[in-house]
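Q: Listed here are the chains, written in short residue letters.
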Amino acid sequence: MPTMPNQTRATSPGFLVLCALTAALFMIACKAIADAPREIVMGVVQKIFYFHVPCAWLLMVSTLVCAGGSMAYLFGGSERGDRVAVAASELGVLFGLCVLVSGPLWAKAAWGVYWQWEARLTSSLLLWLMLVAYVLARRYGGASARKLAAALALFAAIDIPLVYFSVRFFRSIHPQTTVVSTLGPGMKGAFWLSLLAFTCLWGILFSVRVATESAYARLIDLEILLDQTEEKKP
Amino acid sequence: MTMVAFAYGFIWLAVFSYIFMVSRRLGRLTSEMDELRRRIDRLKP
Chain A
23 MPTMPNQTRA TSPGFLVLCA LTAALFMIAC KAIADAPREI VMGVVQKIFY
73 FHVPCAWLLM VSTLVCAGGS MAYLFGGSER GDRVAVAASE LGVLFGLCVL
123 VSGPLWAKAA WGVYWQWEAR LTSSLLLWLM LVAYVLARRY GGASARKLAA
173 ALALFAAIDI PLVYFSVRFF RSIHPQTTVV STLGPGMKGA FWLSLLAFTC
223 LWGILFSVRV ATESAYARLI DLEILLDQTE EKKP
Chain X
6 MTMVAFAYGF IWLAVFSYIF MVSRRLGRLT SEMDELRRRI DRLKP
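Respectively, the protein sequence lines represent chains A and X.
For the first sequence, the residue numbers in our numbering are 23 to 256.
For the second sequence, the residue numbers in our numbering are 6 to 50.
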């Protein structure tokens, strides 16, 4: 028997603490980014890095979570896995869009062009397009598109190693994955604070979306039950 | 500096737009729950 969805996680004390912590982390991170020394070659435009890389990290996290949930749904029939995948796919589209807008702005200043069809950029665009396809399939494809979308999420996860290792295995003008370890002292702190703040923000948005999807699922169950009860009533 | 401002501005705009969309969905969910409660109340003897 489904129960009435009476509250979401948005009202729990733990959630409010996470919100406060995230706000504080963003304020500290912004101060640290402002105080971080300017990179010698690129100058102030390098500061895009502090938001660009956390967004890229969250694009990958979202895709992996989406693929994990889809796998649980496809092979285990888990409805919760499906709801987790839907929530993660939306966040993947959001943070992927941030990566694909902030990256070219940085590239224009650093390389002189907004876009290069090289391995890292192309594979990132492909990953984002697969997540967009997932979201569109779920929104407009109806119930029959659930399995198709889940399979698409697994394909998107296969693209992640390609995105990550592309700068090592292909000729690329994109900075290497080892760039974080080469950052100066003031830069490293700002970067890790920003990464932590963005990860907490992802956690908040993800928990709200999963809770919303769960509440909707219970609501639909209740509506069906209520329809049946109303039909039986004389 | 313009590029940095545009990049940071876009990211914040995207995040807040998404939060706005989620809050609208929550609003719709709440109104559907209220409607369901009314239907349940009508069924009570």
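Treat the hints with caution; some may be incorrect.
Which bits of chain X does chain A cover? Going by a derived footprint, with three or more residues having C-beta under 8 Å, they are [unchecked claim]:
| hint | stretch |
| --- | --- |
| 1 | 7–21 |
| 2 | 28–42 |
Reference excerpt, derived from the structure (chain X facing chain A, CB under 10 Å, subset only) [said to hold, decoys possible]:
| hint | residue |
| --- | --- |
| 3 | Ile-24 |
| 4 | Ile-45 |
| 5 | Arg-47 |
Bear in mind the hints are in silico, worked out from the structure with no lab data behind them.
Cβ atoms here follow ideal geometry from the backbone N, Cα and C, with glycine treated the same way.
Q: Going through the earlier hints one by one, which of them does the structure break, listed in rising order?
A: Violated: none.
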